[in-house]
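4 protein chains.
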Amino acid sequence: MKTIVKLDLDKKPWEQDGQIHNRWHPDLPMIAMVKPGDEFRVECMDWTGGQIGNNDSANDVRDVDLTQVHYLSGPIGVEGAEPGDLMVVDILDVGTFDDSQWGFNGLFAKENGGGFLTDHFPEASKTIWDFHGVYTTSRHVPKVRYAGIMHPGLIGCLPSKELLDTWNKREGDLIATDPDRVPPLACPPTSQSAVMGRLSGDAAKKAAAEGARTVPPRDHGGNCDIKNLTKGSRVYFPVYVKDGGLSMGDLHFSQGDGEITFCGAIEMAGYLDIKVGLIKDGVKKYGIKNPVFQPSPITPTYRDYMIFEGISVDEAGKQHYLDVHIAYRQACLNAIEYLKKFGYSGEQAVSILGTAPVEGHISGIVDIPNACATLWIPTEIFEFDIRPNADGPKIMVPPGVDVSFTS
Amino acid sequence: MKTIVKLDLDKKPWEQDGQIHNRWHPDLPMIAMVKPGDEFRVECMDWTGGQIGNNDSANDVRDVDLTQVHYLSGPIGVEGAEPGDLMVVDILDVGTFDDSQWGFNGLFAKENGGGFLTDHFPEASKTIWDFHGVYTTSRHVPKVRYAGIMHPGLIGCLPSKELLDTWNKREGDLIATDPDRVPPLACPPTSQSAVMGRLSGDAAKKAAAEGARTVPPRDHGGNCDIKNLTKGSRVYFPVYVKDGGLSMGDLHFSQGDGEITFCGAIEMAGYLDIKVGLIKDGVKKYGIKNPVFQPSPITPTYRDYMIFEGISVDEAGKQHYLDVHIAYRQACLNAIEYLKKFGYSGEQAVSILGTAPVEGHISGIVDIPNACATLWIPTEIFEFDIRPNADGPKIMVPPGVDVSFTS
Amino acid sequence: MKTIVKLDLDKKPWEQDGQIHNRWHPDLPMIAMVKPGDEFRVECMDWTGGQIGNNDSANDVRDVDLTQVHYLSGPIGVEGAEPGDLMVVDILDVGTFDDSQWGFNGLFAKENGGGFLTDHFPEASKTIWDFHGVYTTSRHVPKVRYAGIMHPGLIGCLPSKELLDTWNKREGDLIATDPDRVPPLACPPTSQSAVMGRLSGDAAKKAAAEGARTVPPRDHGGNCDIKNLTKGSRVYFPVYVKDGGLSMGDLHFSQGDGEITFCGAIEMAGYLDIKVGLIKDGVKKYGIKNPVFQPSPITPTYRDYMIFEGISVDEAGKQHYLDVHIAYRQACLNAIEYLKKFGYSGEQAVSILGTAPVEGHISGIVDIPNACATLWIPTEIFEFDIRPNADGPKIMVPPGVDVSFTS
Amino acid sequence: MKTIVKLDLDKKPWEQDGQIHNRWHPDLPMIAMVKPGDEFRVECMDWTGGQIGNNDSANDVRDVDLTQVHYLSGPIGVEGAEPGDLMVVDILDVGTFDDSQWGFNGLFAKENGGGFLTDHFPEASKTIWDFHGVYTTSRHVPKVRYAGIMHPGLIGCLPSKELLDTWNKREGDLIATDPDRVPPLACPPTSQSAVMGRLSGDAAKKAAAEGARTVPPRDHGGNCDIKNLTKGSRVYFPVYVKDGGLSMGDLHFSQGDGEITFCGAIEMAGYLDIKVGLIKDGVKKYGIKNPVFQPSPITPTYRDYMIFEGISVDEAGKQHYLDVHIAYRQACLNAIEYLKKFGYSGEQAVSILGTAPVEGHISGIVDIPNACATLWIPTEIFEFDIRPNADGPKIMVPPGVDVSFTS
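Residue numbers (our numbering), protein chains in the order written: chain E, 1 to 407; chain U, 1 to 407; chain V, 1 to 407; chain B, 1 to 407.
Derived from the structure by calculation, the hints contain no laboratory data.
Everything numeric in this text was worked out from a predicted model, so none of it was measured.
Please note that a few of the clues may not be correct.
Claimed, not checked - Footprint (simulated), chain U over chain V, 3 or more residues, beta carbon under 8 Å:
1. 129-135
2. 202-214
3. 297-305
As the list claims (entries may be wrong) - Here are the computed lysine-lysine pairs in the DSSO-like style, where the Cα-Cα straight-line distance is at most 30 Å:
4. Lys285(U) to Lys341(E)
5. Lys110(V) to Lys318(B)
6. Lys341(V) to Lys280(U)
7. Lys341(B) to Lys341(V)
8. Lys35(V) to Lys205(B)
9. Lys285(E) to Lys340(U)
10. Lys143(U) to Lys341(B)
11. Lys143(E) to Lys341(V)
12. Lys394(U) to Lys285(E)
13. Lys12(V) to Lys2(U)
14. Lys394(U) to Lys394(B)
Even for Gly, the Cβ is constructed at its ideal location relative to N, Cα and C.
With the rest of the complex left out, here is chain E (with noise of 0.2 Å):
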């Protein structure tokens, strides 16, 4: 497999020769151009470049520069890439690096960004998962073992300027609404920490103020965070500008649905095998608006679940109208509460609904006034058996081991 974005991971993401970017713009140029049918590696940091390490303190979580995130691989071109065309691309591979056998899990502080389950966990905190071959555990949270499944949490092709306006006007429509909210509604444009791959000078300097940022998926894909995009399934996406521009990054070794946990699954560093192709035209052919995908063969299969319903009554007891988002909060938070009762802090149960292959299923939306979202933890990740029976749950966590806090 011919690499085609080598970096340097003891350099900073803007020491790697411009093939590094952290914002999205259409006169971003190719870093290398590819031809349909073409099969080549992309290397990539770690969706913060480096920031957290692998320690036991989750200073550098609470500490993390949002506005430098994410840094992306790309833009690479595809020859004879037009909009209107869609990228096939094939995710042929995901692998780590031999000597970065490691990722981690947080909680970002409420105050940098928070998270879905924010208000029950303010504070900053980080687990550590090592890797062995396929599986990962953690030092941090005992007794839980997962099969990886290795995907990019975001990938896409390069915005038009028509769409990238679009995404700079509809969001800041939605902050204006409330400008000052902590955390924010969304993430505006600015050129603070931009990384603008191969665009120098005024150029650079007038993308980075206008890019949009890496954080929410859209409409060409971008940070879905799909755990199911791992090595061996294939993926459509719209092309906007002439070559494509496809860009990768913010790898993760395993996710649940949701990725619960803003920061985030398990990150790390590693790379990318890809092969391209296209279809001429195939935007209006197939209908296509967002990107859409077929799984791969080679999944970790589970089969018995424990599965938490939620519906879409708050914590305090208020009716919401089918929000699925609060049900599946709640179905979360049923969750963490269930598997307190085996020893595992709070923290600990958030970062399994974040790391582990759980699933989040939309179960109910049309049942007036109550949403209903279904939580599936799969059983065999632990070590013991999860299930109810008539003795009741028995504490298997030692004491004293928990996530990493702020110090």
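For chain E, the structure is supplied; the task is to place chains U, V and B on it using the hints.
Relative to the frame of chain E, chains U, V and B by itself:
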């Protein structure tokens, strides 16, 4: 298997010897008592109690009286069950009646309850699905065939008085925020068409006036419409009243995550074979709030899917904040546009999403401001290949074949 | 579903209006004609025609008359079927009778047919299995529970005269090599206990004298005992005579690969729902000799197994050349020894191997001189953890609980 | 992952610092010692030690020297391991080398070992398979693509002197029954081409003269060629000598049940990541004779198969008694005829059976006189639909594309 609820499908729900009720209320008398460990059969009407016919007009869907629904069989008492226990319910089997080998799926008119996609499909429509052993097909939706995943859409234990009051309070508060909305935000208690089982006289009137409607899923389970409560699964229900009082109904032959068409899955009459057990004081032991369950080893297995993404930007291009409901709607609309390229009408495409074993995953819930949801359609349910290719899609649906509309 | 073969289980096989036969012969008259595309129900006796009782003595297994078996329902003709066609058979459903919710499994005495492990278990024994919806358990084999995979052990089309002659010739040649062997090498035609459907008089006598016994699988399918012909599967059978003549029976609730216990799987009476079609001239088009089939999407899914290897060195330490039969027997004996460590008797262990959905894989067939076979036992069918650990196994079977023997 | 066996693939097996051996003998010195709980990497040559080239001639397959094989890495000692223990081996990962992204599959000439179908395909032939991340394709076998299931074909612990003597005795007895057979019945010890690791001098000569060849699977495991020993699986090996002495090699990228083509699977060089543990006295505790194992949660999942039956009547129409070997051969021949209808040559069809993740099931083993075996081919590995339909098959293989033969 001993049948403890035996119905006559030629009679009305209120003519079934008090074995049917359509409100949740703690005063409903048990219609049968069983012991922990018992196995028994419960017959169920379809959720409308027979209002929908096997014909080619959607008039009955348009005219359905929603104050009647859902007609449930029960409540069944379990000896020794007390508040705070967990009732362990094995769904040993779900079956159809030999002389009723069909089910229906429909879209409600917006004026009559609407549904998830009611702004796009405001008219009533209907499809009829014939059962062929484990499979179903429809004369209204050609070239698809699914293996059924029969399950009760609605099952749970009677609420206590306190829990009922909580429900009525919180749902009333929601309705009060927009009392004239069409469709309404929630369905308040109403005596109209209430069927109160073996309650009679003033007690029945009082209970009908305050009994909770069966429409939403709630803390006790209820109308969860979870497609995975299929034969072979095990559910743990919280017990709120002496003897528990388990009721069930709203059987489905097949359904997708979300029950996208409000009316509903492939709805049918049929029976449930049930085994019950108790975990004494299980609610506290395991920190249970909503039911938890384990899936069956014999759910249909599909391997390949077309997966559609949606983000929380609505049809008008407006940005919403981490709204999974909107993201899932976009994923569904994306899938509908895709299926239309093969010749399906929009209503046919919706019917497929509502009845096939599609999955709805909460894929991203933290990457502000966009939630990301995915809709998974098994490719194997189609008689033709729906995957993208360079030639583009071909029209596969014969002209003139469509769902039924009103006349 | 229209029932075209309706039986009275209180009557003998030969009192069923000629709908039952127990020999393969081209002259058997069709008992019903259907058209391609038709769906219909066929009721079946258990393979012994009711010789085995739901009790705790194996006397009936010891005394079973094997000249009677197997009692098949049919033959059913398909309009337009001609020799050389493929008959496409969808097994739409397989079901039990409401008043017959049990099945049996047994080991034949060595004197009466024996079986795969007859040298190790030469006495007749029996276990009774109760059905609980999709699950089965046995009072004779504690602490296991399986989801059923109901299927016909025996199904196929009538042979032509030429094919029948070929069978009789080749099997006769084999018998002639050791005509006095106990058990015999094969079962030759015999008029004794022959039931010839709607043939009568001399024609019946002649056909009984030359009709092939139903014991082995042959070119047309027949007694394949393939556990995967379950509901939802599709089989393509070669047609040898005008109208095809499809017969079926020997229903199983559950069985492992190999039907290790000759008598047999969990044997039961029940019904099959069938759909038929034709591929004209399909035998030549696809080069078909034996039936081919596709599995069902709703086979039970197990994920974890204990897998036992066996090689072609027999119990006496003698080396055989690439003999898979011996290798599989060793794998089975290895598994039996393992299960005995948890307290199961040898007969109980055999019963598990014969009735649970175990898999038997031909793992190595070229590495001279040893064939390698593997036996896969799903760990999930046990109520306890059977995987090895440092502490060693614990006795889990209560004393005094065992299979039934003769008295 | 610490690499404890580091090879230089440009050197010969006997130039690898004594880390390679190709005979089983108790006197082989450990080349490294590890502790229970250790994780480590072991590099392996392909089984022929580099005799087969990535080219379009089968001359090297024809000329392969079988006295050399198999080249194994090890033995590795585990501190504390004693005879009677079980060595718990987690196969954490299996990988390819970046500069060796291909493998080979071949049919041996009948004169040189032959194989399962050697009477039908007596000439040497070869196919080359390129790796594309998790997938493989071949320029010699068009229109198929598989996800790999990388695994060691050969792994096990050193035999004791007693066990070695048993092997040599029983295999010698077999050879003596037909000593001049071509191919031979078994491979006796020979000093020719023996590589004895770190043994030297007379000790090496003595061990070479009596060491067991690596061809067959035996009691200790060895050349089991079980496709399911893939990354993520766990194996329990009996220990026969102090320190255990675990050796491994013969890596496969993909293979079907039976390794139908003797030479062999998709053969490759690569590495294994291993974790070891011990169950003291586990052989007796669990009644273990041959290794037992548990599968991985990340085996490729296929759902739909074409399944071919075979019975124990040989190609000449001769009836054999319950011979699974012959039955499986018939199932394979049936599948080959079927695939030829789509344009594949017989050799291409065989290559698919040998390299794709096909399953070989022992379906019936008791229904005298016919054994029944089934061969399962995943339909998803083909780029076209191989299922039967009314129109019959179409030629899909371009003319002139075939396997390599000798020149």
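Against the 30 Å threshold, does the CA-CA distance of Lys341(B) and Lys341(V) hold or violate the hint?
With Cα atoms ~51 Å apart, Lys341(B) and Lys341(V) exceed 30 Å; violated.
Per the coverage rule (Cβ-Cβ under 8 Å, at least three residues), is the region 297-305 of chain V covered by chain U?
holds (count 6)
Coverage criterion applied to the region 202-214 of chain V (partner chain U; beta-carbon cut 8 Å; 3 residues)
violated (count 0)
Agreement of Lys285(E) and Lys340(U) with the hint, judged by alpha carbon distance not exceeding 30 Å:
holds, 11 Å
Checking one constraint from the list: CA of Lys12(V) to CA of Lys2(U), max 30 Å. Satisfied?
holds, 27 Å
30 Å limit on alpha-carbon distance, applied to hinted pair Lys285(U) and Lys341(E):
holds, 8 Å
Has the given pair, Lys143(U) with Lys341(B), been kept, meaning a C-alpha gap of at most 30 Å?
With a Cα-Cα distance of about 27 Å, the restraint between Lys143(U) and Lys341(B) holds, given a limit of 30 Å.
Below or equal to 30 Å on CA atoms is what counts here, so check Lys143(E) against Lys341(V).
holds, 27 Å
Straight-line Cα separation of Lys394(U) and Lys285(E) no greater than 30 Å?
holds, 10 Å
For the pair we were handed, Lys35(V) and Lys205(B), check the Cα-Cα distance against 30 Å.
violated, 75 Å
Coverage of the region 129-135 of chain V by chain U, judged on three or more residues with CB within 8 Å
holds (count 4)
When you check the alpha-carbon spacing of Lys394(U) and Lys394(B), does it fall within 30 Å?
holds, 21 Å
Checked against the numbered hints given earlier, this structure breaks hints 2, 6, 7 and 8; the rest are met.
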